[in-house]
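Student: Protein chains in written order, with the UniProt record's numbering: chain A, 1 to 95; chain B, 1 to 95; chain C, 1 to 126.
No false leads were slipped in.
Computed list of lysine-lysine pairs in DSBU-like fashion (alpha-carbon distance at most 30 Å, straight line):
#	chain 1	residue 1	chain 2	residue 2
1	B	27	C	39
2	B	86	C	89
3	A	27	C	122
4	A	17	C	125
5	C	89	B	76
6	A	27	C	125
7	C	61	B	25
8	B	62	B	27
9	B	25	C	89
Worth flagging that the hints you see were computed from the coordinates, not collected in a lab.
What follows is the residue order along each chain.
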Amino acid sequence: MDDAANSGISEPLDLVKLSLGERVFIKLRGDRTVTGVLHAYDAHMNVVLSQVEETIHIVDVTEDGNPLPPRIEKRNLEMLFVRGDGVILISPTQQ
Amino acid sequence: MASIESYVDHLVQVILYDGRIIVGKLKGYDPRTNLILADSVEREYSTDQGVEMIPLGLYMIKGDNVALVAELDEEKDSTIDYTEVKAEPLGEIHH
Amino acid sequence: MNIKIQDSTHSTRYIDIYITQRTFDASQLFIMLIFSFFKTLTDQVITVELKNDLSITGTLKSVDQFLNIRLDGISVEDPERHPHMLAVKNCFIRGSVVRYVRMAARSVDTTLLEDATRREAKEAKK
Numbered sequence: 001m002d003d004a005a006n007s008g009i010s011e012p013l014d015l016v017k018l019s020l021g022e023r024v025f026i027k028l029r030g031d032r033t034v035t036g037v038l039h040a041y042d043a044h045m046n047v048v049l050s051q052v053e054e055t056i057h058i059v060d061v062t063e064d065g066n067p068l069p070p071r072i073e074k075r076n077l078e079m080l081f082v083r084g085d086g087v088i089l090i091s092p093t094q095q
Numbered sequence: 001m002a003s004i005e006s007y008v009d010h011l012v013q014v015i016l017y018d019g020r021i022i023v024g025k026l027k028g029y030d031p032r033t034n035l036i037l038a039d040s041v042e043r044e045y046s047t048d049q050g051v052e053m054i055p056l057g058l059y060m061i062k063g064d065n066v067a068l069v070a071e072l073d074e075e076k077d078s079t080i081d082y083t084e085v086k087a088e089p090l091g092e093i094h095h
Numbered sequence: 001m002n003i004k005i006q007d008s009t010h011s012t013r014y015i016d017i018y019i020t021q022r023t024f025d026a027s028q029l030f031i032m033l034i035f036s037f038f039k040t041l042t043d044q045v046i047t048v049e050l051k052n053d054l055s056i057t058g059t060l061k062s063v064d065q066f067l068n069i070r071l072d073g074i075s076v077e078d079p080e081r082h083p084h085m086l087a088v089k090n091c092f093i094r095g096s097v098v099r100y101v102r103m104a105a106r107s108v109d110t111t112l113l114e115d116a117t118r119r120e121a122k123e124a125k126k
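Put together the whole structure using the sequences plus the hints.
Tutor: Structure (structure tokens):
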């Protein structure tokens, strides 16, 4: 494949490649999302991010099993590796 | 392999995918993390009583179920009064 | 498969992990990047967060192609909730149970890591 073809988008991971060095939004299994600056990814969608904000959406249940209103927990992390098997989607963050 | 070679013939604590904890002497392993444990004992944690020790004997644990293998400090382990240790059992690993 | 990481300077390490013998396919090559990345973190203190919410901090001693991790001198983040690891000196964590690995920002040369990623992505497409 020549260089011109390589530079364009021809497969899904190319979109991820264009986001290198940019802030991305990632939805993960377990009702988690993270945003951070993307520094590395691979074919498994393992990623390395910096300046990360993680959000966990938690629904607690009362003793009799009724769900309480959902609450959100946030965490900031300076450098994070996220294992690809938990990744649902990666998106360039809307500015 | 980030090897467990140095654990052979040592007391190890294995955490399984379902959250169970099994302690025994590591007699062998392979690249799939299949393990052979001698004189193994399950340590069942609960919040309302101390840790229950359930003798299991010689076990071969299939690698797919293994989440973590840890080397126990036998001296330190023997100083802990497990009848007084109360904790939630570890959670399952879900995907 | 012999991967030699030159230990000369930190800056050349991501890039020098190039594979001399092309006996396996490109997609395989593209997964070596993260493995190499972890190798550069050897002897650094990292925190591994497992999918059962257990967080273990320790010194990274080794990593393999499955991203299995060997940690020394470990401590758990919340010993009250997780006394299960009280007598543990070091541990081997199955790569498949890892949710996150947290590390110090200064452990990572982000520019070189991005370059290495672009390069591996390009190689993988050939």
